[in-house]
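**Q** Chain by chain, the residues:
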Amino acid sequence: MSKRIEVNDLNVYYSKFLAVEGVGLTIEPRSVTAFIGPSGCGKSTFLRTLNRMHEVIPGARVEGQVLVDGDDLYGPGVDPVLVRRQVGMVFQRPNPFPTMSIRENVLAGVSLNNRRMSRSEADELVESSLQGANLWNEVKDRLDRPGSGLSGGQQQRLCIARAIAVSPDILLMDEPCSALDPISTLAIEDLIEELKKEYTIVIVTHNMQQASRVSDRTAFFNIAGTGKPGKLIEYDDTNTIFTQPSVQATEDYVSGRFG
Amino acid sequence: MSQITAPPKTGESAGAMPNSYATGKLPKFVPWAILAASLVVTFAIFALFAAADPEGGFNTAAAVFLGVVLYGIVLFVVARMIEGTRRAKDRLVTTLVTLAFLIALLPLISLLSTVLLNGTARFDLQFFTNSMRSVVGEGGGALHAITGTVLMTGAAAIISIPIGLMTSIYLVEYGRGRLAQAITFFVDVMTGIPSIVAGLFAYTLFVIIFGPGVRLGVAGAIALAVLMIPVVVRSSEEMLRLVPNELREAAFALGVPKWLVVLKVVLPTSIAGLTTGIMLSISRVIGETAPLLVAAGYTNNMNYDLFDGRMQSLPVFVYSSYVSQGTEAQAYLDRAWTGALTLILIVMALNLLARFIARAFSPKLSR
Numbered sequence: 001m002s003k004r005i006e007v008n009d010l011n012v013y014y015s016k017f018l019a020v021e022g023v024g025l026t027i028e029p030r031s032v033t034a035f036i037g038p039s040g041c042g043k044s045t046f047l048r049t050l051n052r053m054h055e056v057i058p059g060a061r062v063e064g065q066v067l068v069d070g071d072d073l074y075g076p077g078v079d080p081v082l083v084r085r086q087v088g089m090v091f092q093r094p095n096p097f098p099t100m101s102i103r104e105n106v107l108a109g110v111s112l113n114n115r116r117m118s119r120s121e122a123d124e125l126v127e128s129s130l131q132g133a134n135l136w137n138e139v140k141d142r143l144d145r146p147g148s149g150l151s152g153g154q155q156q157r158l159c160i161a162r163a164i165a166v167s168p169d170i171l172l173m174d175e176p177c178s179a180l181d182p183i184s185t186l187a188i189e190d191l192i193e194e195l196k197k198e199y200t201i202v203i204v205t206h207n208m209q210q211a212s213r214v215s216d217r218t219a220f221f222n223i224a225g226t227g228k229p230g231k232l233i234e235y236d237d238t239n240t241i242f243t244q245p246s247v248q249a250t251e252d253y254v255s256g257r258f259g
Numbered sequence: 001m002s003q004i005t006a007p008p009k010t011g012e013s014a015g016a017m018p019n020s021y022a023t024g025k026l027p028k029f030v031p032w033a034i035l036a037a038s039l040v041v042t043f044a045i046f047a048l049f050a051a052a053d054p055e056g057g058f059n060t061a062a063a064v065f066l067g068v069v070l071y072g073i074v075l076f077v078v079a080r081m082i083e084g085t086r087r088a089k090d091r092l093v094t095t096l097v098t099l100a101f102l103i104a105l106l107p108l109i110s111l112l113s114t115v116l117l118n119g120t121a122r123f124d125l126q127f128f129t130n131s132m133r134s135v136v137g138e139g140g141g142a143l144h145a146i147t148g149t150v151l152m153t154g155a156a157a158i159i160s161i162p163i164g165l166m167t168s169i170y171l172v173e174y175g176r177g178r179l180a181q182a183i184t185f186f187v188d189v190m191t192g193i194p195s196i197v198a199g200l201f202a203y204t205l206f207v208i209i210f211g212p213g214v215r216l217g218v219a220g221a222i223a224l225a226v227l228m229i230p231v232v233v234r235s236s237e238e239m240l241r242l243v244p245n246e247l248r249e250a251a252f253a254l255g256v257p258k259w260l261v262v263l264k265v266v267l268p269t270s271i272a273g274l275t276t277g278i279m280l281s282i283s284r285v286i287g288e289t290a291p292l293l294v295a296a297g298y299t300n301n302m303n304y305d306l307f308d309g310r311m312q313s314l315p316v317f318v319y320s321s322y323v324s325q326g327t328e329a330q331a332y333l334d335r336a337w338t339g340a341l342t343l344i345l346i347v348m349a350l351n352l353l354a355r356f357i358a359r360a361f362s363p364k365l366s367r
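For the record, the sequence lines run as chains A and B. Heads up, the first sequence is in full-length UniProt numbering, so the first residue is 1 and it goes up one at a time. Heads up, the second sequence is in full-length UniProt numbering, so the first residue is 1 and it goes up one at a time.
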């Protein structure tokens, strides 16, 4: 199920503006990788290039290679829609579809793609996905209620259930806990620990405790100043990054002496 | 869990003193009392005028107007003395805004009541079952006009809803750069064209095909469509832009192709607003007279066929009944008023329908 990501010398542009420059890293399967760094340093932009979601923004383009188990995402003739079916994404703010019930939200990946599914298969998928997102026990009695009626933390777990229902190889999470309270955050961190067994997970976070709690490896991004491109400064085991980083800027950032 | 309460401060007993934030305010009845007093004063003055000059009569409008002006001034002064400048200004502006609202409402109420009073005379079964074929005096009805209005507006809606909706989808979801800008610009221009120009456009279009003097129901429908498309584009565009981008991104991240995202996420999310906009655009064109007079002509006969011959419509029926009153003028005038009443009722029904649809379709947020 999970796959290895290899990024070679990646540049991301918004029209003419170079947003991220020269990123190269390898993400192992069945691991959690955290991206940390100050706001505006290109973490989210880089994360979005891993499933070509940056293309939703007009003028955004990419130079370089992103290999998922050897297949280049930016090779000629690659269909971004197929890429996104393999690489799922969870966003900063929970965004369940307001017109759909909880059940329909979980099945959105299937129904929006016009795929047919028998009632029993659908029931099974809803249950397994919601179990996978640790939400089943809370919502099993109200699957037909609107998804937007859940609390923020539950909505975010619903979005995770929706993302894993299409059984992707890789799960990208863009600050999934920044809008949540500590208890919901804990629930999602536990969930990430569970999901790690089956998926390759990449998570962007502003919370360094979170990065040290959930991730196996950590990448630190930084910018020299406004208008300059963001760069990958250091990429290493989480322990190393937080205890004995090799770059001064990383140490300043993780110890709070930044800026 | 134990409840945490702040310990009461010493030397202060609750309830003994009035709330300091509630002092220095006028009691609620004061503004009403001032209004009543001002009206009494002005009515008394005008009654004196009327008594002094019996031929002039009592001038109610002036009495009410001056009474309200007096009320505004007195309230401002009183409030300023008791409540201070800020509250006084607030009261003055509240009075002005309410007044503006009432003034805006006045012609509407007057129009509705006039049409209701004059229109009920012929609001009978015959009006809705007969046409005007070989009727010169009393009797007759507007069935042909109602049919024509429904047919032509319906045809206009069938033409303009798909075109308008797809244009707005293009503008919001796909359009980038010059083409989109040009379309937006021309839609704005089209919103402003006089309706008779639309009628002349449709007429000349059919003259080119069928020769001079041609009058068809479908020409009227096209004239209405020309007026309706920009309204549909504008309102749907606003509604589609209201759909949060996060929903589109959520769908894209699930590997859904763009056209399915538009079809299954964007449109269902905005369906309530879209239907309201479309219903309002229909009510916007259903009362058009000039383009139909030019393009569809008018007739006293029943015509169910959009593609054959002249077609009557309600606005044109009202207009022609009024301008060419026959030997029995009152019969024609009564029919005109009833036609106007029917049109207002149709528009009202459409608006109610739009509200109902909007409520039925809007995303439910209940827990």
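Treat the hints with caution; some may be incorrect.
With a straight-line cut-off of 30 Å between C-alpha atoms, the simulated DSS-like cross-links for lysine-lysine are [claimed, not checked]: (1) 140/A <-> 228/A; (2) 16/A <-> 197/A; (3) 16/A <-> 258/B; (4) 140/A <-> 264/B; (5) 228/A <-> 16/A; (6) 89/B <-> 28/B.
Just so you know, the hints here were simulated from the structure itself, not pulled from any lab data. Only a predicted model underlies this, so the values are computations on that prediction, with no experimental measurement involved.
**Q** Each hint should be assessed against the structure and marked as holding or not.
**A** Here's how the hints hold up against the structure:
With a C-alpha separation of about 49 Å, the suggested pair residue 140/A and residue 228/A falls outside the 30 Å cut-off, and the hint is violated. Annotation: proposed proximity of residue 16/A to residue 197/A is violated, straight-line Cα distance about 40 Å (limit 30 Å). Under the criterion of a C-alpha separation no larger than 30 Å, the hint pairing residue 16/A with residue 258/B is consistent with the structure, at around 25 Å. For the given pair, residue 140/A sits about 25 Å from residue 264/B by alpha-carbon distance, which is consistent with the 30 Å threshold.
Taken as a hint, the residue 228/A and residue 16/A pair is honoured in the structure, with Cα atoms around 12 Å apart against an allowance of 30 Å. This hinted pair checks out: residue 89/B and residue 28/B have alpha carbons roughly 17 Å apart, not beyond 30 Å.
Checked against the numbered hints listed earlier, the structure breaks hints 1 and 2; every other hint is satisfied.
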